[in-house]
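Top line first, the protein sequences correspond to chains A and B.
Count the first sequence with the numbering used here and you get residues 538 to 822, in order.
Count the second sequence with the numbering used here and you get residues 5 to 219, in order.
Any given hint could turn out to be false.
[As the list claims (entries may be wrong)] Here are the simulated lysine-lysine pairs, BS3-like style, with alpha carbons at most 27 Å apart:
#: 1; chain 1: B; residue 1: K18; chain 2: B; residue 2: K39
#: 2; chain 1: A; residue 1: K680; chain 2: B; residue 2: K211
#: 3; chain 1: B; residue 1: K209; chain 2: A; residue 2: K680
#: 4; chain 1: B; residue 1: K39; chain 2: B; residue 2: K133
#: 5; chain 1: A; residue 1: K572; chain 2: A; residue 2: K560
The hints are simulated quantities; they were obtained by calculation from the structure and are not laboratory data.
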Amino acid sequence: MSRLKERLAAKEFVVTAEIAPPKGGDATLAIEQAKKLAELTALNVTDNQGANMRMSSLALSGLLCQAGIEPILQMTCRDRNRLALQSDLLGAAAFGIENLLLLSGDHASFGDHPEARSVFDLDSVQLLQTATGLMQGVDMAGKNLSSAPLFFAGAAVSPEAEPFDLMFLKYRKKIACGAQFFQTQAVFDPECFAGFMQAASPLQVPVLAGVLLLKNARMARFLNANIPGVKVPEALVERLDQSDNPLAEGVAIAREMVAVARACCQGVHLMTLGHEDLIPEILSI
Amino acid sequence: MIISRQKNQDELKKALTGLARVFLVGCGACATVCKSGGEEEVFRMQEWLATGGIAVTGSVVIDEACHIMRAGRDLRQHRVAVDEADGILVLACGSGIQSIAISSAKQVVGGLDSLFLGNVRRIGEYEEKCSLCGECILNETAGICPVTTCAKGLLNGPCGGMAEGHCEIDDGVDCAWHLIYEKLKKQGRSAVFDRPVAPKNWSGKQKPGRHKVER
Numbered sequence: 538m539s540r541l542k543e544r545l546a547a548k549e550f551v552v553t554a555e556i557a558p559p560k561g562g563d564a565t566l567a568i569e570q571a572k573k574l575a576e577l578t579a580l581n582v583t584d585n586q587g588a589n590m591r592m593s594s595l596a597l598s599g600l601l602c603q604a605g606i607e608p609i610l611q612m613t614c615r616d617r618n619r620l621a622l623q624s625d626l627l628g629a630a631a632f633g634i635e636n637l638l639l640l641s642g643d644h645a646s647f648g649d650h651p652e653a654r655s656v657f658d659l660d661s662v663q664l665l666q667t668a669t670g671l672m673q674g675v676d677m678a679g680k681n682l683s684s685a686p687l688f689f690a691g692a693a694v695s696p697e698a699e700p701f702d703l704m705f706l707k708y709r710k711k712i713a714c715g716a717q718f719f720q721t722q723a724v725f726d727p728e729c730f731a732g733f734m735q736a737a738s739p740l741q742v743p744v745l746a747g748v749l750l751l752k753n754a755r756m757a758r759f760l761n762a763n764i765p766g767v768k769v770p771e772a773l774v775e776r777l778d779q780s781d782n783p784l785a786e787g788v789a790i791a792r793e794m795v796a797v798a799r800a801c802c803q804g805v806h807l808m809t810l811g812h813e814d815l816i817p818e819i820l821s822i
Numbered sequence: 005m006i007i008s009r010q011k012n013q014d015e016l017k018k019a020l021t022g023l024a025r026v027f028l029v030g031c032g033a034c035a036t037v038c039k040s041g042g043e044e045e046v047f048r049m050q051e052w053l054a055t056g057g058i059a060v061t062g063s064v065v066i067d068e069a070c071h072i073m074r075a076g077r078d079l080r081q082h083r084v085a086v087d088e089a090d091g092i093l094v095l096a097c098g099s100g101i102q103s104i105a106i107s108s109a110k111q112v113v114g115g116l117d118s119l120f121l122g123n124v125r126r127i128g129e130y131e132e133k134c135s136l137c138g139e140c141i142l143n144e145t146a147g148i149c150p151v152t153t154c155a156k157g158l159l160n161g162p163c164g165g166m167a168e169g170h171c172e173i174d175d176g177v178d179c180a181w182h183l184i185y186e187k188l189k190k191q192g193r194s195a196v197f198d199r200p201v202a203p204k205n206w207s208g209k210q211k212p213g214r215h216k217v218e219r
């Protein structure tokens, strides 16, 4: 059974992190990297993140399962139609993958194949519905499955998005369609996030706050300019700018956000982008 | 209206390789409005072809080149000039180009790229609002089409890339779902936000599309 599901059900504070599949056919290094993070509850495996072509998240997630590491399989709607998404979900079940993070996906124009035709046959809400249906033993066409998969399906939310009400309408839809947990886009504004949690808590679906390690001011500015949905407040950019040790300052900022998460939600999803060695420091109280 | 633009000259030159004489066809409908294949563009094309040593045996601007029977009739009326040509250069959308191809055994060269079904903001400025998806949701989305005007065609609200009402692919593009939300709010309706919208049924969009009006 999904450790993530168990720990969230037990109201434990959960920590997840993420790894990206390699741009190549050998997953050895990625698995080594994942092993170093095995103490965390589960590891997200990204799906052609930022629309950059890499090994499939399904393959690496399957390999992680075999290595005894619990993955959260990320699946986007950008690259596959409903047949491919459903068959990959069944394939995931065959590997023993239970945790899913079902996403719409960044637009292809951001990635390394901008000439690709984006699919979006389904959106994230419909993909959640689909996974829920498969768990009930029925596919999208209403056909019975020979065996029903067991999933713990999660979704993403951008707590700092404006207008709040519009973002929250979609949050509700995702819950109505079967989202069992949420991992948020990177959050940087404690007040804003606490406000979101105040609205989200009554709905009783566990939320893991996205905490992104800022390495320096340049990176923060790059994120603001290039990464959809990420907004580093100017005050934090300045803090990084004025620090003698920007990375240490970035760790401090991440720790502050983790503290906020401990106070108002059920876990954190850490995005440390190559600095996984700093995770213990970010989590230290 | 079908929005089209002329292919660049290099590509067109390549497509015309081996043709010494061409018959020129323009379209009096969309390509005229888009300034890609009307009387004026047909005339300019003739001049440009001459500079490349390609003779024009004759030309016609068909009222609506997509009208298969009309295109055939107009070509027949210019039979002598068409017969003299090695090929037919068509300045019309993909539909128009194919009307001509259906009506003649000659090699047909398309001079335009067809871009989208467009609304006219002002002359020379066109916007895609409808993608002819075959299953219209506009009644529930305050008359704003998310299938077309959301970069991802999402049916259940904005993606995580929405920033202050803008689309993640371009700050200069409004988020369709933000527009829908604002307009529904003003109308005091919840419409599309009331329920999860089911996946689209694309079976009505099987290619090639055909439609016959029952009389």
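Hints versus structure:
| no. | hint | verdict |
| --- | --- | --- |
| 1 | B:K18 - B:K39 | 23 Å, holds |
| 2 | A:K680 - B:K211 | 26 Å, holds |
| 3 | B:K209 - A:K680 | 23 Å, holds |
| 4 | B:K39 - B:K133 | 20 Å, holds |
| 5 | A:K572 - A:K560 | 19 Å, holds |
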